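Student: Chains A and B supply the protein sequences, listed in that same order.
Residues 1 to 305 in the UniProt record's numbering are what the first sequence spells out, letter by letter.
Residues 1 to 555 in the UniProt record's numbering are what the second sequence spells out, letter by letter.
Hints in this document: simulated from the structure, not taken from any laboratory.
Computed from a prediction, not measured in an experiment: that's the story for all the values here.
Just so you know, even glycine gets a beta-carbon here, dropped at the ideal spot from N, CA and C.
The reader is advised that the hints may include incorrect statements.
As the list claims (entries may be wrong) - Here are some chain A residues pointing at chain B (derived, C-beta under 10 Å):
no., residue
1, Ile6
2, Ile9
3, Gly156
4, Trp161
Claimed, not checked - Once the Cα atoms are required to be at most 20 Å apart in a straight line, the calculated DMTMM-like pairs of lysine to aspartate or glutamate come out as:
no., chain 1, residue 1, chain 2, residue 2
5, B, Lys255, B, Asp106
6, B, Lys444, A, Glu45
7, B, Lys165, A, Glu45
8, B, Lys119, B, Glu227
9, A, Lys53, B, Glu441
10, B, Lys410, B, Asp486
11, B, Lys248, B, Glu227
12, B, Lys173, B, Asp106
13, B, Lys241, B, Asp106
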Amino acid sequence: MIAYIIRRIGGSIVVLIGISIITFSLAYLVPANPARAIVGPHASEALVLQVEKQLGLNEPLPVRYVHYMGNLLQGNLGTSYVLDQPVTTLISQRAGATAQLAVTAWIAELLIGIPIGIISALYDRKAVDHVVSILALVGISLPVFFVGLELMYWVGFKLGWLPVGGTGGFNFVILPALTYAITGAAYYARLLKSSMIDVMSSDYIRTARAKGASPNRVIFGHALRNAIIPVMTYGGIDIASLFGGVVVIEDVFGYSGIGQLTVQAINNLDVPVIMGTVLFAALFVVLFNLLVDVLYGIVDPRITY
Amino acid sequence: MNVSKMRMVGVIASMAMLGTALAGCGTQSATTSQQGNTTASGGSTQPVYGGTLTLDLLSQFPHLDPAKAYDTTSEEAVEQFYNTLVTYQGATNTIVPDLASYTVSDGGKVYTFSIKNAKFWNGDPVTAQSFITEFQRVLSNSMQSGGQGFVDPLIQGSAAYVAGKATNVSGLKAINSSTLQITLMHPSATFLYVLAMPFFSAVDPTYIAAHSESYIDTHPMGTGPFELASYTPGKDYVLTKNPNYFVKGIPYLNKIVFNINNSPSAVLFHFEQGQTGMISWNQGGIPTEDYLPLINNPTYASDIVKQTEVATDYFGLNCAVGPTQNVAVRRALEYAVNKQVIVRILDGLAVPANQIIPPSMPSGYEQNLPANASYSYNPALAKKLLAKAGYPKGFNTTIYTDNSSPTDLKMAEAVQQMFSQVGVNATINQSSWNTFLASNETGKQNMFTLAWLEDFPDPSDFLNTLFNTNQIPVNDSTNYSNKQVDALLNQGSIMPAGTARDNVYKQAQNIIMSQAPWIPLVNPVYAAAVQPWVKGFYVNPNLMDPLQYIWIAKH
Numbered sequence: 001m002i003a004y005i006i007r008r009i010g011g012s013i014v015v016l017i018g019i020s021i022i023t024f025s026l027a028y029l030v031p032a033n034p035a036r037a038i039v040g041p042h043a044s045e046a047l048v049l050q051v052e053k054q055l056g057l058n059e060p061l062p063v064r065y066v067h068y069m070g071n072l073l074q075g076n077l078g079t080s081y082v083l084d085q086p087v088t089t090l091i092s093q094r095a096g097a098t099a100q101l102a103v104t105a106w107i108a109e110l111l112i113g114i115p116i117g118i119i120s121a122l123y124d125r126k127a128v129d130h131v132v133s134i135l136a137l138v139g140i141s142l143p144v145f146f147v148g149l150e151l152m153y154w155v156g157f158k159l160g161w162l163p164v165g166g167t168g169g170f171n172f173v174i175l176p177a178l179t180y181a182i183t184g185a186a187y188y189a190r191l192l193k194s195s196m197i198d199v200m201s202s203d204y205i206r207t208a209r210a211k212g213a214s215p216n217r218v219i220f221g222h223a224l225r226n227a228i229i230p231v232m233t234y235g236g237i238d239i240a241s242l243f244g245g246v247v248v249i250e251d252v253f254g255y256s257g258i259g260q261l262t263v264q265a266i267n268n269l270d271v272p273v274i275m276g277t278v279l280f281a282a283l284f285v286v287l288f289n290l291l292v293d294v295l296y297g298i299v300d301p302r303i304t305y
Numbered sequence: 001m002n003v004s005k006m007r008m009v010g011v012i013a014s015m016a017m018l019g020t021a022l023a024g025c026g027t028q029s030a031t032t033s034q035q036g037n038t039t040a041s042g043g044s045t046q047p048v049y050g051g052t053l054t055l056d057l058l059s060q061f062p063h064l065d066p067a068k069a070y071d072t073t074s075e076e077a078v079e080q081f082y083n084t085l086v087t088y089q090g091a092t093n094t095i096v097p098d099l100a101s102y103t104v105s106d107g108g109k110v111y112t113f114s115i116k117n118a119k120f121w122n123g124d125p126v127t128a129q130s131f132i133t134e135f136q137r138v139l140s141n142s143m144q145s146g147g148q149g150f151v152d153p154l155i156q157g158s159a160a161y162v163a164g165k166a167t168n169v170s171g172l173k174a175i176n177s178s179t180l181q182i183t184l185m186h187p188s189a190t191f192l193y194v195l196a197m198p199f200f201s202a203v204d205p206t207y208i209a210a211h212s213e214s215y216i217d218t219h220p221m222g223t224g225p226f227e228l229a230s231y232t233p234g235k236d237y238v239l240t241k242n243p244n245y246f247v248k249g250i251p252y253l254n255k256i257v258f259n260i261n262n263s264p265s266a267v268l269f270h271f272e273q274g275q276t277g278m279i280s281w282n283q284g285g286i287p288t289e290d291y292l293p294l295i296n297n298p299t300y301a302s303d304i305v306k307q308t309e310v311a312t313d314y315f316g317l318n319c320a321v322g323p324t325q326n327v328a329v330r331r332a333l334e335y336a337v338n339k340q341v342i343v344r345i346l347d348g349l350a351v352p353a354n355q356i357i358p359p360s361m362p363s364g365y366e367q368n369l370p371a372n373a374s375y376s377y378n379p380a381l382a383k384k385l386l387a388k389a390g391y392p393k394g395f396n397t398t399i400y401t402d403n404s405s406p407t408d409l410k411m412a413e414a415v416q417q418m419f420s421q422v423g424v425n426a427t428i429n430q431s432s433w434n435t436f437l438a439s440n441e442t443g444k445q446n447m448f449t450l451a452w453l454e455d456f457p458d459p460s461d462f463l464n465t466l467f468n469t470n471q472i473p474v475n476d477s478t479n480y481s482n483k484q485v486d487a488l489l490n491q492g493s494i495m496p497a498g499t500a501r502d503n504v505y506k507q508a509q510n511i512i513m514s515q516a517p518w519i520p521l522v523n524p525v526y527a528a529a530v531q532p533w534v535k536g537f538y539v540n541p542n543l544m545d546p547l548q549y550i551w552i553a554k555h
């Protein structure tokens, strides 16, 4: 297992370097001059050139990349061109908010998706299953921004139960998290349903029933444990992408997290922030994928490395 | 529009892309009041002290250091925290003393400021050195201040200081602790306007010396009406009243809370719920997605304050690249554009423009444009002129625009459609604001949409910045060059304010318009929504928002 983890970490580093090269190249190959944007139209050409020099924009792209990676290895992600603050500070200021939203949304997805998946599997092709399936299809089909705006309007504005937008305490997290959960839970439900149906027809479930195990014991003690594996795989990817920034949701609700920071940075061509947020998101995807793979072995002892 | 300002507005607008309209219907129109103690929505009563005003802020303030504030949101934040030597009176273009009264020498080159008795929040007194320090910061290359070009090489000795050949600016002298003397290289009709810009605020030299640039940029230490009590990144700014403000009787509010919230839908709902006092406190205007729901809702229609900006949205025609090198082609294209249609697609938040200088500019606007500088919508004439210029079948070209503001693309598409009616087939090249700007500043774009918003109320800020040959290609990105115009613009820059100077700029503009490097499209209209219980709000043409004059009525 330890050898496997070390191998995976090595591979992950290669992936992250690849991502950094692609992002860096794309961001700097765009024909724009951040130096002019920083100093404004009335600044002299000499000042523009000086800022270019300060930012290292006068150097060839590979040299800039080497400098960037050198700084990165020392934990320095650079300074925002627009906000003039260290990228690490900007990310750390928002990471908590995004983490809170991501974890809440993920838990809400599971709380909605898993029971629906189980019910749907147990009542396969019965009325309950049809109703649940239709609801799941609707959930999958609805655009996130539409669900978000409807929740904002009805729950936040008309009923006034929760804040309609912005960033603050846990109250501000509920609606955005619910938005993500409504649109995302359906995936879990469908995934779990098909997995449960497969498992429920297995020999060992039949054996458990024959031995007189109670229905609850069969479902939760035997079937669910195996049926949950594909859900875990998807769950790992899902929470990683959530941590990377629920960009649309943060935008709809004006929630100040990593996603919003990324959108602003892209609009401003604030390359250090773009690089920082992309690498931050990539790091989470890589870490959670690794975590999920390790958890496979814990949940299902048949899986070994 | 000043590109830095344009950039920030663009960011705000693009943040607003996902909003949607979810409210009512009806019609409206309203105008702003002109004085601080009257209200935007009618009624005039005695100001009430106290209370908290909550506002939504579409993005965090990029800078709180006056030397760095050159985008719309930063400028307006800095104005709450700092004061300048002079400022604008109410909603007018008139310059009045702020932290100092002043006299100007006969030759117009020496300005002497008598500084008022005022203190920074930490108790340090404001002195002549408070301004000298700030001028030197702005001029310093390491500061990268957008203000540098406004005073260099205008102030005597600035060039030597910028070049590192002098440790002081010879034109800046502290006669004594409360008297500042500024000597210019030549008289300038616009210098007082420059001094009213937030770049040239009083800063505490001791505080500046003791803290890093990045600290100062997030922890202001000013003389202003409000102090920054707290900033929670990504969440809010809390401002509290400066009890020792040097202007007696203001501010009225005890506290202002800016919630950072870039969702136009949430901004609209918060306003409708009465949680916030205004939409668009700052220069960005009401987000596009919120404007129609507000003006179409009878409940809120009367809460809208509108004012035509001292700005011109225009369509640039390159004088050095492509068929538009030919002045006859450029003139033909002027006749092809129906500006009323553009006003309609901007939801009425604009008025048609017929020249470079906006009508709200206090001088330089030409009421009676000469026939050869005046164009009205006439596609038949446009076709005829194109044929005469050697393009009977029109031509193919590219229109460059940016994606930071939904309105820019709308305008580009409208012009594209109008051009196609006269045989000119254009493809639209849309890119991010920075990419567009970098391309624009090379002077190689065939045609483009852009806007210019005044830095100060003087025609030179438009004409000299955008059409002088020495501004090619960064600001004069149409590559317009005319020796006669250059001579007029250079002459105007050293003339004293008055009719003779105004006529020089009018003459320059008429020549430029006759050669059609721009198709002036519209003068945009700024709109804000103000709750009826928020009193004292007004819009200065230079868009300085006076939160210190605002008070909250019982509601």
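Student: A separate judgement is required for each hint: does it hold in the structure or not?
Tutor: Tested hints:
A distance limit of 10 Å between C-beta atoms decides the matter here; for isoleucine 6 (chain A) the minimum to chain B is near 37 Å, and the interface restraint is violated. Annotation: interface hint on isoleucine 9 (chain A) violated; nearest CB of chain B at approximately 31 Å, more than 10 Å. Residue-level restraint check for glycine 156 (chain A) holds (minimum Cβ-Cβ distance to chain B is 6 Å; threshold 10 Å). Annotation: tryptophan 161 (chain A) was flagged as interfacial toward chain B, and the flag is violated, the nearest CB pair being 12 Å apart, outside 10 Å.
Taking the CA atoms of lysine 255 (chain B) and aspartate 106 (chain B), the gap is about 45 Å. The hint is violated against a cut of 20 Å. Restraint check: the Cα-Cα separation between lysine 444 (chain B) and glutamate 45 (chain A) comes to about 18 Å, which is no more than 20 Å; the hinted pair holds. Of the pairs offered as hints, the one joining lysine 165 (chain B) and glutamate 45 (chain A) holds, with about 19 Å between alpha carbons and a cut-off of 20 Å not exceeded. Between lysine 119 (chain B) and glutamate 227 (chain B) the CA atoms are separated by roughly 13 Å; this keeps the pair inside 20 Å, and the hint holds.
Between lysine 53 (chain A) and glutamate 441 (chain B) the CA atoms are separated by roughly 19 Å; this keeps the pair inside 20 Å, and the hint holds. Between lysine 410 (chain B) and aspartate 486 (chain B) the CA atoms are separated by roughly 34 Å; this puts the pair beyond 20 Å, and the hint is violated. Taking the CA atoms of lysine 248 (chain B) and glutamate 227 (chain B), the gap is about 16 Å. The hint holds against a cut of 20 Å. This hinted pair checks out: lysine 173 (chain B) and aspartate 106 (chain B) have alpha carbons roughly 18 Å apart, not beyond 20 Å.
As the CA atoms of lysine 241 (chain B) and aspartate 106 (chain B) are separated by approximately 41 Å, the hinted pair breaks the 20 Å bound.
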